[in-house]
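Add chains A, H, B, Y, P, D and V to chain R, keeping to what the hints say.
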Amino acid sequence: MQIVLNGEPRDVSDSTTVRALLCELHLDKSAIAVAVNRTFVPRSEHVTHRLAAGDEVELLAPMQGG
Amino acid sequence: MQIVLNGEPRDVSDSTTVRALLCELHLDKSAIAVAVNRTFVPRSEHVTHRLAAGDEVELLAPMQGG
Amino acid sequence: MQIVLNGEPRDVSDSTTVRALLCELHLDKSAIAVAVNRTFVPRSEHVTHRLAAGDEVELLAPMQGG
Amino acid sequence: MQIVLNGEPRDVSDSTTVRALLCELHLDKSAIAVAVNRTFVPRSEHVTHRLAAGDEVELLAPMQGG
Amino acid sequence: MDDDTTTWSVGGKTLRSRMMIGSARYPSPDNMRQAIVASKASVVTVSLRRENPDTRAGQAFWSYVRELDVHVLPNTAGCHAVSEAVTTAKMAREIFETDWIKLELIGDDYTLQPDPFDLLEATTLLLAEGFIVFPYMTDDLVLAKRLVDVGCDILMPWAAPIGSGRGVVNPTALRLIRERFPEVKLLVDAGIGAPSHAARAMELGCDGVLLNTAIARAGDPVAMACAFADAIRAGRAAYTAGLMEPMEFAQASTPTVGMPLWHEPS
Amino acid sequence: MDDDTTTWSVGGKTLRSRMMIGSARYPSPDNMRQAIVASKASVVTVSLRRENPDTRAGQAFWSYVRELDVHVLPNTAGCHAVSEAVTTAKMAREIFETDWIKLELIGDDYTLQPDPFDLLEATTLLLAEGFIVFPYMTDDLVLAKRLVDVGCDILMPWAAPIGSGRGVVNPTALRLIRERFPEVKLLVDAGIGAPSHAARAMELGCDGVLLNTAIARAGDPVAMACAFADAIRAGRAAYTAGLMEPMEFAQASTPTVGMPLWHEPS
Amino acid sequence: MDDDTTTWSVGGKTLRSRMMIGSARYPSPDNMRQAIVASKASVVTVSLRRENPDTRAGQAFWSYVRELDVHVLPNTAGCHAVSEAVTTAKMAREIFETDWIKLELIGDDYTLQPDPFDLLEATTLLLAEGFIVFPYMTDDLVLAKRLVDVGCDILMPWAAPIGSGRGVVNPTALRLIRERFPEVKLLVDAGIGAPSHAARAMELGCDGVLLNTAIARAGDPVAMACAFADAIRAGRAAYTAGLMEPMEFAQASTPTVGMPLWHEPS
Amino acid sequence: MDDDTTTWSVGGKTLRSRMMIGSARYPSPDNMRQAIVASKASVVTVSLRRENPDTRAGQAFWSYVRELDVHVLPNTAGCHAVSEAVTTAKMAREIFETDWIKLELIGDDYTLQPDPFDLLEATTLLLAEGFIVFPYMTDDLVLAKRLVDVGCDILMPWAAPIGSGRGVVNPTALRLIRERFPEVKLLVDAGIGAPSHAARAMELGCDGVLLNTAIARAGDPVAMACAFADAIRAGRAAYTAGLMEPMEFAQASTPTVGMPLWHEPS
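Residue numbers (my numbering), protein chains in the order written: chain R, 39 to 104; chain A, 39 to 104; chain H, 39 to 104; chain B, 39 to 104; chain Y, 179 to 444; chain P, 179 to 444; chain D, 179 to 444; chain V, 179 to 444.
What the hints contain is simulated information worked out from the structure, not anything from laboratory work.
A few of these clues could be false.
Straight-line alpha carbon distances no greater than 27 Å define the calculated DSS-like cross-link-like pairs of lysine-lysine that follow [what the hints assert, rightly or not]:
{"#": "1", "chain 1": "D", "residue 1": "K191", "chain 2": "D", "residue 2": "K268"}
{"#": "2", "chain 1": "D", "residue 1": "K323", "chain 2": "Y", "residue 2": "K323"}
{"#": "3", "chain 1": "Y", "residue 1": "K268", "chain 2": "A", "residue 2": "K67"}
Only a predicted model underlies this, so the values are computations on that prediction, with no experimental measurement involved.
Extracted from the complex, chain R is given alone in its bound form (with noise of 0.2 Å):
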């Protein structure tokens, strides 16, 4: 199925979890923030929240800011 990761569309294998997309990305051990259609998926729902067809996920990461 596909999603949209970070505005880009992606294939990810279907009913994939967030954690598992974080870990195919490598990004599972870092300072990432996980949103989903707008709305935040906390780090203690990262193995459970399932992604569907259509998502938009968001991975946030710290930037410089003023």
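Okay, now just chains A, H, B, Y, P, D and V, sitting in the frame of chain R:
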């Protein structure tokens, strides 16, 4: 019965109307707007609007303003 | 002989006067003030003031100003 | 004879010197600069400079300043 | 170029003068009337207060104003809550027979600053009731956007706090509102202390200025009313004519060509 | 109260308008003439430059100005030395048949600042020659005192550097000169960019304002000339009428007595 | 007197320095790190952006910051709606492991002005979620009151629009907020361009200053960071020590008693 | 970057601090001494007055100052004529054993403004006598040029009238003098009321600042002396490091690339 007229207690006959009050004060032909218990009572309702004991009646007139 | 008129060299007849110079230039009836060698020559002296070779003559006229 | 010392009249012995005046005032070892009749008298001349009756003597010392 | 022969419109009415004038704080009612007449203002602000049936002061004041050939702009001065302002506005509409309301909602008793939150809410309610709202506001661009978004096509930002007389404290803010909302009627209210301040507001592109304290508390209110009228006309004409650009350093006005000998750089 | 019917005097002449206007930098001679007429200024500044016998531009300009019903105030623009200024002044007196001279002595070519030292010296010399000197100066109070001490009864401080259009940069300095020399004619020259600036100068008690660049370089010089005339009249009227005092914080214009129930502090 | 040995507290943390510093816009990450170290700031602002799994730029930045001995203050820069800001705040809390959030809600894309309406709403929501909110706001006193009313004990008014570097545009407004809310932590954010501006904000009684552009875009950001640290300490010390009152006119510093003969008024 | 380890020189002496401090108007001599020490200033200004042989107040004061490790800069405060100033300068040279003289020539008793004419004359005379003149002056560029022309390589313009504490009233003028005379030592004297003012003067490129009233009349002069020292160091460092340019409108400090979905313009 007693009402409060412009902040001062005043005795009026029972179940008098706004219109009657204005007449009694000789203000029926004047530039006066009326509120009872903080609600505006339009001129069209002066005849029908009966006052109750304890009503707070405000009679407002034009005044200097900036 | 040669003088300098408003910054430009100019040949004039020997020992000409300021008045004669103005006539030659058709400026005798004009709103013109004259200085020779940085000194003001008033109108009353135009007839008598003789120019010498090398004299620096300035003919000034009204101009826009702020 | 009488002089004016810092604005006040003062009797001193005739033809006394600046130096002698300073000694008399116990100011000879002090941080003092002297002017007589509005003219500065340098230290090197204190011994020789004789005062005259009516002289205006100023004895100035350090003072707070901004 | 000449405001005396041109007109403009605001809130559905066509006006000759870009000056609006308050009716409060004059030395006397006569002085007030003379100042208003002298100002040639087309709009006079008024308020509502309790009428004493014995003195009938309000009736007397009203007869004074009605004789003047002006539009009346009632205010909600002193209101601290949305419901107060709405009630006051309705009463004003009945008495003054106008849909115009200068909406004042005070957020701070010491500075008499407008409350942006209550102002937006009350404006929304009053527009829905058919009022033409003149909202007295700070010079906050975002508040201006919100008011325009709810349908308000008149904005009345302050120049400085009411009665302070400090002039346009933040010209950049007014200029921004002007640029962003070219269609809105932009009227400066409060904080103007001198005709030069009013001229400045107009030069920034405002459509009009409302004055009160600076006139009423002047040494000679009638003369000061004339002065403000002239200054507002001057500022408007300057905005239309196009001001020169300010420069950091000097530029000669008198031309430098044709300079005599002694002016040549040595 | 109304400058149109009152007059004032400076340098031995009685004038209707408190505005003086320059003749330089207009888009065209016609535009200049229209702007001068529109301004109703009583005084026009002019200068002297080399005449080209072929083009006779100076004669043409002069015939333009002579048709206007104005007093002419010649300047010594561009002079960098006392002797230059004195010579120029004498030539101007002959051509323009006036003892008036606007004395400009430049101390810095970049900012075109007046030179206080040369100015004082040249003023002294020209007064002795019978000139009526309008000294273009900074706003330095001590320089003002010196000029008054040598007999000058007209002062022309700048508002800001020539052509900068920044307005009155140091109002305290102008106010000080005004207070110290109430009898002197105090005219602001240079640095005015907008009618509000001119109004401000007049509100500070100046007797008149000389304008050039701000009018000539406006989008529409004729309309801007009118705007300045109005602003100067406004500023003068405000000075005479007496401005309100500025306050740090707010004061209500609408009275607070007789407030309805819902306005009572809760 | 000496901030180096005294501390203050905000949002539940005890800090040595009253300076907060941003991490954006430096010439290089190394330069950023050096500037932060040189500033001795106790708090560094950061943001959140999409991570590219290939470049992992965010991880690199974060490892840089974590090595510094500072508290992190995440912001919601770029948010235009309440829900955006709330989501961003929650994500920031998880990543940065702090309840602190610098709440930015933009009401205008051109000026980047804060939106008072969304700000108040988002502050209310985030306080309820246990966040410690640093609300980036205008200097509107009424907005300050509203924020304090909903339980916010930190206020972050601007000095001037973000990145404009104009300094404290309206000192009266800041002073008013300070006086009205003596217990609130008052931090100035945005608009500071020079150390003198930061000193001024502190002299007005602010508790701290957040800097970014003025340091990062300086010719030498590291040296400028030191300069700001000194200026902020100076401004705080001056506020505590008590400034002299400004006077309109002069007063001699050197005493006038005991003047010599020639100084006597003649 | 760090003024504590760098030095600069003026009038033939090498100094550590860019701050100069006056010795007048402190609550007590002890407080004065503590403030001077705390300021770390390298230069202290003093004056001359009549000595009373009985109280010998001058001797006591002098012994106080001599214990401090500072250079002494005597002034001619109160002088109204060239001859007075010259005599005073000579007496000061003998007592204080220094060629330095801070030349004050008052042109107006009310504002204590410097007199440009007398100042130039006295400077010329004193330079010929071997003095190193620190001329207290207005910020007039032409006066600066004249002083430099007669050989003065130190200039001491005011920020504002003595004791007014208003800060740098005309930054453009100071910046101009700085740009025109990069080699001259430019010291600001008078008119500074707060550390932010001193920082501002230094940011404009001045070489040092002389303080007195703002410290001596502070609530706590010793703490204020430290504050000024920090501010002056900050301002100097900022000038050297290079300030960002001020902009009229906003610019985001936080980058806008990589914004999450919900930040995309809708």
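Verification of the supplied hints:
Restraint check for K191 (chain D) and K268 (chain D): satisfied, since their Cα atoms lie roughly 20 Å apart, inside the 27 Å limit. With a C-alpha separation of about 22 Å, the suggested pair K323 (chain D) and K323 (chain Y) falls inside the 27 Å cut-off, and the hint holds. For the given pair, K268 (chain Y) sits about 19 Å from K67 (chain A) by alpha-carbon distance, which is consistent with the 27 Å threshold.
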